[in-house]
Each structure stands twice: as structure tokens, then as C-alpha cells.
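Asks: Let chain A serve as the given structure and place chains B, C and D on it in line with the hints.
So the sequence lines, in the order shown, correspond to chains A, B, C and D. Each residue of the first sequence is one higher than the one before, counting from 1 in this note's numbering. Each residue of the second sequence is one higher than the one before, counting from 1 in this note's numbering. Each residue of the third sequence is one higher than the one before, counting from 1 in this note's numbering. Each residue of the fourth sequence is one higher than the one before, counting from 1 in this note's numbering.
Rather than coming from a laboratory, the hints here were simulated on the basis of the structure. Wrong hints could be hidden among the right ones.
Said to hold, decoys possible - Coverage of chain B stretches by chain C, computed from C-beta distances (three or more under 8 angstroms per stretch; other residues unrestricted): (1) 97-107; (2) 127-136; (3) 252-260.
As the list claims (entries may be wrong) - 35 angstroms max Cα-Cα, derived DSBU-like pairs, lysine-lysine: (4) C/K14 x D/K160; (5) D/K286 x D/K265; (6) A/K14 x B/K14; (7) C/K160 x A/K160; (8) D/K265 x D/K14; (9) C/K265 x C/K14; (10) B/K286 x B/K265; (11) C/K286 x C/K265; (12) B/K14 x B/K265; (13) A/K265 x A/K286; (14) A/K14 x A/K265; (15) B/K160 x D/K160.
Don't be surprised by glycine CBs; every beta carbon is placed ideally from N, CA and C.
Protein chains: 4
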Amino acid sequence: MRFFSDNAAPAHPKVLEAIAAANRIDTAYDGDEWSRRLDGAFSDLFGTEVRAFWVTTGTAANCLALAALCPPYRGIVCHRDAHIEVDEAGAPGFFTGGAKLILLEGEGAKITPEAVAAACDAIRNDVHQVQPAAVSITNATEYGLVYRAAEVAAVGELAKQRGLKLHMDGARLANALATTGESLADVTWRAGVDALSFGFVKNGGLNAECLILFDTELADEVAVRRKRAGHLLSKGRYLAAQILAMLEDDLWLENARAANAAARKLAIAAPHRLVYPVEANELFLKVTPDEASALRAQGFDFYDWGPGEIRLVTSWDQQGEALDRLATAIAAL
Amino acid sequence: MRFFSDNAAPAHPKVLEAIAAANRIDTAYDGDEWSRRLDGAFSDLFGTEVRAFWVTTGTAANCLALAALCPPYRGIVCHRDAHIEVDEAGAPGFFTGGAKLILLEGEGAKITPEAVAAACDAIRNDVHQVQPAAVSITNATEYGLVYRAAEVAAVGELAKQRGLKLHMDGARLANALATTGESLADVTWRAGVDALSFGFVKNGGLNAECLILFDTELADEVAVRRKRAGHLLSKGRYLAAQILAMLEDDLWLENARAANAAARKLAIAAPHRLVYPVEANELFLKVTPDEASALRAQGFDFYDWGPGEIRLVTSWDQQGEALDRLATAIAAL
Amino acid sequence: MRFFSDNAAPAHPKVLEAIAAANRIDTAYDGDEWSRRLDGAFSDLFGTEVRAFWVTTGTAANCLALAALCPPYRGIVCHRDAHIEVDEAGAPGFFTGGAKLILLEGEGAKITPEAVAAACDAIRNDVHQVQPAAVSITNATEYGLVYRAAEVAAVGELAKQRGLKLHMDGARLANALATTGESLADVTWRAGVDALSFGFVKNGGLNAECLILFDTELADEVAVRRKRAGHLLSKGRYLAAQILAMLEDDLWLENARAANAAARKLAIAAPHRLVYPVEANELFLKVTPDEASALRAQGFDFYDWGPGEIRLVTSWDQQGEALDRLATAIAAL
Amino acid sequence: MRFFSDNAAPAHPKVLEAIAAANRIDTAYDGDEWSRRLDGAFSDLFGTEVRAFWVTTGTAANCLALAALCPPYRGIVCHRDAHIEVDEAGAPGFFTGGAKLILLEGEGAKITPEAVAAACDAIRNDVHQVQPAAVSITNATEYGLVYRAAEVAAVGELAKQRGLKLHMDGARLANALATTGESLADVTWRAGVDALSFGFVKNGGLNAECLILFDTELADEVAVRRKRAGHLLSKGRYLAAQILAMLEDDLWLENARAANAAARKLAIAAPHRLVYPVEANELFLKVTPDEASALRAQGFDFYDWGPGEIRLVTSWDQQGEALDRLATAIAAL
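Bound conformation, chain A alone (with noise of 0.2 angstroms):
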């Protein structure tokens, strides 16, 4: 039974649904009505005007939005452990032409106004050191933690005295609020979040993300961005498709708290265990390899995750059966 990836989920029935739909549309690229009406969409979801980008990946979504806020000569505030600089292949250099990933400690992968700072004090403001443009967070974190709007404010606000660009990872952005009970404007634009990385994939979506540029200036050189990284689909209406699918009746929403859920009833049955607390759909356990030799042998698929940790994870389509006896199991360790 899988726990090792949200990835690894199925695709919601209504995803499938809307992309059989979109086989009777017939325009090309993103001049079709669905594309055309994501830029709608989500400007009413956020509550403010925003551009909206289909991709098929959180590293496209990623890497479009932070060449857009960072030229090639500067560079990315952003944690040692954050998705960009450990698990995308090195594609922030590829995408901004060579801009610096500048590291932040933090417990849980989650950084503070002051790690900003500090980083950005000890950088010398001359032509031989890099000059920082921009942070990336990554909410929920790599470690399932979750920022509340009032601490990416608080790292907004940083951002914004300091002259640079804030851009969220929101791979888990759903997982994030199904917890928080936050709106997305408020963790967001009204945070001083100007380009957002929108994931749909892991929460019940087929290959549909979605980048949301706050800053609507940015809109034309995300365009073209995407379109030279050759992320333009010719047939773009089945992206447009599925993320339509996710935002009817807040499918997004509901996906997330089942996971959330999923992931609750694994933390509650063996809470001396956890690592981090768990804020979001992750759980990272200690057990011994004995342990999770005895797991695995009861046919659950998960991570290990350095010395005497796993990592699970769970989906939006996990409640049933498969779960209690994970549960169960954990508990009996």
C-alpha cells in the first residue's frame, strides 16, 4: 500500500471527468474558452486581479515564476532543504540562466524574517558578491509544516523592505490551509506573495499545476518563459480542464482535508514518534530499520529518510481499510 508519494495517487474521477469534456473543444495552445477562463477563475478565488499559467509540473511552476523574479545575475533566499535547491535537478540555474540559491537554516524547512536578514547582512553589497533578489518558501514545507499568513507576512514584509521578490512553493498549498482554515488571499498576496506555484498534481489533479502571478506585470515574460521552456502545450484545454475541475466546489479544498485526515489518524497513533508535528499530509517517524523492515513486510511503501526516519505520506483517496491498518500497525511497533 502506497504511502511514499502523493504523486503516486490517482487522479480525482472528476479530473478525468472534465479532461474527457475538453475532447470536444477545439482550439490550440491557451486560446481555448477554458485557458481563457483561468485568469477569471482564479481572480475570483484570490479575491484580487491575477494571471494564471497552466504547466505540468511544480519545477515548471517553480522555476518560470523565480526567472521571472530574478535575473540570472543575483539571487534566491530560500531554505537548505527547500524543494528548488535539493530535488529539481539544479533547474532554478537552468531556468534563470545561473542565479544563486542563497541557504537558510530552519527547523522543519521553514524560514523566519530574521534567517532572511541575516543571510542578506553577511552578503557585502559590492559587484563580487551576489546580491539576493528574491525568497522562495515552500508552504506546506518539505517537512509537512505549515506557514500561518501572519509568518509569511511577517517574511513578506521583510521581503518588501529589502527589495525583494517573494515567491511561494504551494505544491501543498491545499494541504496547508485544509489545516489553517486561512484563505488563500490572506496567505498570499495580502502576505506580499507575488508569484505562487499553485499544485494540483498531488492533491487529486492528472499533470495540471498551476502558477498564479500577483504581480500581473510579469504576465507577458511568463509567456513567453513558458513557451521557450517548451511548456506551452499545443493541446493546453486538458490542462485547463482539470484545474477548472479542482476549483469546482473547492474539490482542491476537500481533497486536501482527506489527506490532512489520513495523515492525523497515522500521527495520533503513535505521537512519541513524530519528528515534526504534523501540520499537512507528511509524517516522518522514528523507527529503527528493524522496524520499518516490519512495516514494509506488511506490505506498506514508504521513504526512508536518513538514519531512524521514514517519511509517509498520504493522499487525497486514502480513508479507508489500507489507512487503519497502517495505523494500527504503527502502533503496534
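Replies: Using the frame of chain A, we list chains B, C and D on its own:
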């Protein structure tokens, strides 16, 4: 009625069925069983060992290939009207890190060994001028002309003599082969092609193209470049499924034959208007602006293509009444 | 006797003296008093506020300028025979991160507003085609022709209308002005030039060129890009010293006049052989292979330039007997 | 009195003489007889066949080497305080096309095979993480520590085992060897170094550094990359002349010995204040802000280097009274 692009055509029902079926497997990235079947499936299809990479656009397939075939400081010989030069927003420059496209003339966007040789000979062999590293041809060309295997082999032979790698943009390779009846092997690796962008999206696919490496030593590099460019989808199984569906029972060839037949039907309606012979699924017709307006007034949709010319593209699903009506309308101009 | 390139000429004695003098000041990078004098010296020379950056090659000057004027995803309009296209090993692609050179025809490597406009008009305004961002002209051109101020202004006006920045490669700007007698101001910023590569090395310098920014808001970016490209020399004072020596008492203009006079003397010797009018210090002559051999047999060194043509370039130091002998030899062919 | 950088020191008289002498030869680019002598001169010096490329900055030497040793999609292991990471404005990212610097800890900016191995082991071998391709070490380090030949060889051995190329930033290699008395061969190619940035500018040169390739197969690529980066000077003979002057009678070693002797004299004046052993020509001293002010009040110029520390760098020309006075002043603090 849509005749402006085969990108606007729907996906084939079997492709949608395959996506639905892929919803029942659950490994992430390209670790799933279907993605892992691609290498074998294409090796069988081509009769030689190949490595196959799903991507979502022809631009990605083309430019990942070019980046692997040409270092940043050298050049790629191609036709002046090649898609990589004209319609990919400079993506070759982005993916390769600034390699140069060295442009050739040639009727109907076809290039000859003589033209390649002449272009190479015009380059001084010193560090001041950009030296070529690769040749890229498009089959069928952007004007719907077809390279026979012998023609590709002649280019391939010249390329080999000059130490150049050979790439084929096969966005409409299926259409080319549906016309020539030649084998995939003969027109690609046996003719010296090192990397092929094998198009499926224009031919009934939804959003899966395939990059085929005959030079399999490039595979590790391409795998990393694909990830780095944001083209490694987390739920790649849905791409693999589409491609396997297209291969099953030669659906790719069947679809191309249907599209070509539609184009031929239109061509026969007004042979004297043809700018180029119709060898695939594209028609370029000489029509006056008034004639173009008359066709549009009857509900037919297509692109203007320079003064006094229009472009019509037929698709795998166009065999019925609309096609007949267009043929009649063209004949009646 | 050297007539193949002004790059082969010696440095002027005053330049060597300046280098020796610079050996007595000791601040690193561009913090020395001489480097800091450049902005003022060139602002005085041009009659407007400029920012001046020493670099060691024309390629560096050109490409730092182009990178500041054109984002990676757009294009630079220039002549097909421009040095940046033909003789810089693809450096524009490297410095800009893959921007495209959009090539124009034009007699003697000169471009006109009409040619620029036509090239721009031929580009569809969508994300699939690379949109222009800048124009680059060479004055004097690669064929020794000169733009008058009014001609530059016409290109500048068109550029402004189209929202394009204007760069001038002035590797031989001194030679151009020595001919026209026009002012530096009129042929550059008053004509709409945003950035100028002001050449000194071909004109008696040792290894210092200067990038002049009339758009001074680009200065901070260019300063960083210069460092990032490895062009911020630690002992930059020796470059500043050379340039200041060239400016003193208009040595740059005096040298150019001498080189031009030498070229004119040769031109007069065989006016019927000239491929282009001799407006600077380059001559392109129609000679048969036998005639070329005959000249070489007498010890004259020059380049072949296409079938039946040779190129001769005169230098600031060529006014004596060798020149007379060459003139006689040409006349006697 | 200048003690803030050896970049501020004058050029050695013999270097100036060589430049003057080069004024009498007249071939352009690197086709002159002096540039062509470099390969042989350095091959003799190193006792093995090498290829030598003049450039004007250490950044250019370092980054041309790194671009040849590491593809855009891989990484270079180096110390966190390495010049390429800290003081080159992100030039490695620019030259390589976005390769990643993988940072190590290590006392005094030295790295060990163990540290390299640990960093490599921490990288999952998949396409999501950037895989290392090269190691870069600085000798002497940024803190004036020296690698003995055996230490380099240990890193070289590890690099070879892991399939990594080895680069040495030898901006102060002369100073290192002046201390150890070891041979150039032992500390470079015999220890596994593939490419060396051999510094001359800090050591009495004017503006010529040299990139040495022990892996001579990289030479063609480096030659093109040098041109493409704007680092092929048209009057390169003046660079070659400088370097040959530095090699003559081991001037490079003599100058380094002088600089090191000056540093030792200062070190002896206050051994208890040394942050690091003084193994080359740099001193890092613990002084209070008041003490630093007192030194400055006496006319000594140097950099603050973190709280309570200053950096002093001695030069080839500092052996006289100013040095004695500084030694006395330090002792008297």
C-alpha cells in the same frame, strides 16, 4: 469547422481509455511499469535498441535532443523555416545554452546534403566563427513535404562525414510514413538519425510526445536534462499510457493515414491551387483574400499564410461531411 | 608588411607611457582614481552624463551591452555581416542567455530603418516567435562604410517607435568620425544610441576598450555582469590609464585620421578596384589570385575576402615608406 | 601603506619591459609567436605536455576551466569560502550554464578527501539531485593555507575514484610553492589536477593570468569558450609577453618568496594574534576595533575580516621600511 491545426483535433478515444486505465497504477515519476515499458516498445518498433522519453511538447522533445547533440558554443544546421527556428520562441537557445541555428534555404522547407555542405564550407574553421555540431531536419516538413528514407540517408551520410549529429523533428513523422510506406527504421536510425522527436499529439494523442534516442549513450544526460527543464512529470504514467495506446495495433499509422486521406481529398478538389505537393496532412493553397473570406463565411477555419496563400491542416478525425463540404467549397471557388 | 588587421598594429607610445605611470597607483579593481575618472572624462567628451566601463575586448563590450539591452527570450536586430553575428563565436548567445540575432541584408553591412521595420513586421506578435528588443549597428561597418549622424538618428527614431533599444559597435567609431567630422554626441546619444562599444585597441590602444552607457540606469547591472563574466580586472588601473591617454588631446581622433589617410592613399592608387567606397581604414579590392600573389611576393600581408577580393586594413602608424610602396604596387597591378 | 591586497601591488619592471618589447611584434589574437610559445614554456615548466591559455582574470581562468570540466546539469564540489563561491559574482553559474556549487566545510578553507566523499555520499544518485562532476580547490587557500602535494594527491585520488575532475585555483600557487618548496608537477598533474588557474597578477603581473590544461583534450573547447566569453584579446601578445617574463629565471617564484617573507615578518611580530598559520602571503589577525583604528591612524591600509579580525596581504615589492614599521606597529599593539 476546424482546419487550422491538427493540434486542435480531439484525442483518440483509445488514448482517453489508456489514461483512465493508468489511473489504477501508482508509482511516481518514470518509475511506473508503463513508463518502463517504453524503451522496449520502441526498440521493438524500430528494430534496434533505443531509449524513449515521454515529454509533453514537441518543443521539449526537439530541444532536449538538440541540447544533448550540440554544446552551447557550436551550431545546429537547419532550414530557415524549421519549427525550431520559427515557432519555438528561441527554445533551442535556451535549452542548449546559446547554440546557434545555422539556416539553410530549400524548397518547401526541405534541406539537401549539398545545402548542408555549402553552409559548413562557408564557415571558417577558427574560434571566431561558430562551428556546426548537428543537423536538424523536419519530416514531414513545415510545408507538408516528405523526406524519403534515401533522402534522409543522404543527409545522414554527409553529417557523418562532417562529424555532425543528426536530429529529426518528427512532429508529423507518422504522416510522412503513411505516405511513403517506408519503415520507421529506414527513415531514422538506418539513415543516420541520432535522435528523433516522435510526435503523437497532432496525431490523436492528448499531451504525450516521445523523444527517441538511437544514440543511447545520451540517455543519462537526457534524463537529467528532462528533469532539469521541468519536464519529468510526477504522474508520468499517464503519458506513457497514451503513447503505448498509440503504438498498439499501429494506431499512430492508422490515424496518420486518415489525416492524409483527408488532405488528399481536398488537394484533388483544386490541384491547380497547390503551392506544394500534398504529401502529408497539410495543404497550402493559392486563394485571393475574397476567396478566403468566402470559405470562412461558410464556417471553415484556417490560417492565412503569406499574401494570397492559406494553410489547411487535416486531422485523424476528419473524414465526414465537413470534409466533403470543404472539398466542394474549394472546388467551387 | 602588415595590412591584414589594425589589431596587429603596435600600441601608441603614449599608451605605453600611461601604463608605466599607472604602475605608481595602487588600488584594486575599479576603485582606483583613474578608473573613477572615466565616467567624468567620457561625460565631458560626449556632452552628457554617461557611465563608462573598461573592458579588454570589443566582444565583451558588445555583449555586455546586448545582455543589458535584451532579455534572454527576445532578439537583437543586426546586419547579417555584423561582427556580433559573424566573428564573436556566438558570444551574444552566451552573454544574453540565448537571445536571437535577427539578421538583415544591406549593402556594405549597413542597415536602414526600412530594413529594421520590415524585419520586425515579419515577426508575428505572439509567444511562438522571438520578438525583437534591440538593434545593433556597427560604425564604421565591417566593410568600412560610415553611418552619418542622420542615418543613425533615422535608425534610432525607428527603434524608439518600436520600443527597441539601440546599440552601436564602435570598434572603428574613431575612424568613422575622422571621416565625417561629425561629433561624438550627434552620432551616438543624440541619435538614440543607448549603449556604445567604443573601440581603442584597433586605434593605438593596448588592451583597453570602453563600454559607454547613455542609458545610465543600466550601469549597476552592467557592473555586475562585467564581474560575472570575468571582465573586472583586479589591476584595472592599467586599462583606465590607456583610455585616458587615448582621450588626452584627442589622440583617438588623431590616430584614426592617420589610419584613414593611409587607406585613402591606397584607394587613390586603384579606384576602379574598390568594392566599397573607402570611408574609414578598410579597403576591399578586386584582384585576381595572381595579383594577390604578386602583392604577397612583395611582402605585403592581407586577407583574402571571398573570391577575387582582398581586404586591406591600415593602422594609425602607417604613413611611411611601406605605405607608399604598397600604393605603388597596387597601382601597378 | 597598502596591505589590503596583492592586487594593488605594481607590476614588476620586467613585466613592463616585456610589454614594451611586445610592441614590436604584430600578429593578432593568439597567432603571434609569443602566445605560441606558451604551450612549450609551460610544458617544460611542468614536465609534461600541457596547453596554456592567457586570460586577464582569475575568474575567467577558473570559470573557463569549470565550464570545460562540468556540464550545466551537474555540480562542482568546493569549499564554502572558495573564491568561486564567494567572490566571483556567480561567474561559475554563468560560464557553466547553471551548474551548482556543492559546498564543504573545512578549517582555513581547506578541503579533505573525507569531506568530498561525505558530500558526494549525501547526494542520492537519481535525476532529482544534482550529481557532482568536479572538485575545485584553492592553493594557497583564501585564508593563506597551503596544500602539500600529498594533500592534493589525496583529493585527486578520491576524485578519480568518484569519476570527478579536479580543478585548482592557483591565484596564489606561487606563494604556496615558495613555502613548501615542492615542485609544480607534484602539486598539480601528478596529484591528479586536470586544470589549473595559474595566477600571475597578484604576484607581479600586470593583467595576464594563465589557464593550464593538463587534460589537453579540453583545449579545443576551451579555446572556443575563451573567445565566446570575450576573453580572446586581439593584441594577446602583450599578455603572452607578461607571462613569459614571469617565467624567465623563475621570477614568479622569486616574487612569491619576497611576498611570503614579508608576511612572515609580520607574523613573527604578533604570533599570538594569528587566526591561521601564515603559510603564504596572507595574515588574519585578531585585533580589537580600537587596535585596527590605531593601525589605520598610522597609515596602514587593510580589510576588516569579520568581527575582531583583520586581513593583511603582502606583496612581492614589500620588503622595506613600510613593512618594518607595520611589524613594529603590530608588535606594539
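Asks: Does each hint hold? Answer for all of them.
Replies: Structure-based check of each hint:
no.: 1; hint: 97-107; in the structure: holds (count 4)
no.: 2; hint: 127-136; in the structure: holds (count 4)
no.: 3; hint: 252-260; in the structure: violated (count 0)
no.: 4; hint: C/K14 x D/K160; in the structure: violated (52 angstroms)
no.: 5; hint: D/K286 x D/K265; in the structure: holds (17 angstroms)
no.: 6; hint: A/K14 x B/K14; in the structure: holds (19 angstroms)
no.: 7; hint: C/K160 x A/K160; in the structure: holds (33 angstroms)
no.: 8; hint: D/K265 x D/K14; in the structure: holds (26 angstroms)
no.: 9; hint: C/K265 x C/K14; in the structure: holds (26 angstroms)
no.: 10; hint: B/K286 x B/K265; in the structure: holds (17 angstroms)
no.: 11; hint: C/K286 x C/K265; in the structure: holds (17 angstroms)
no.: 12; hint: B/K14 x B/K265; in the structure: holds (26 angstroms)
no.: 13; hint: A/K265 x A/K286; in the structure: holds (17 angstroms)
no.: 14; hint: A/K14 x A/K265; in the structure: holds (26 angstroms)
no.: 15; hint: B/K160 x D/K160; in the structure: holds (33 angstroms)
Of the numbered hints listed earlier, those contradicted by the structure are 3 and 4.
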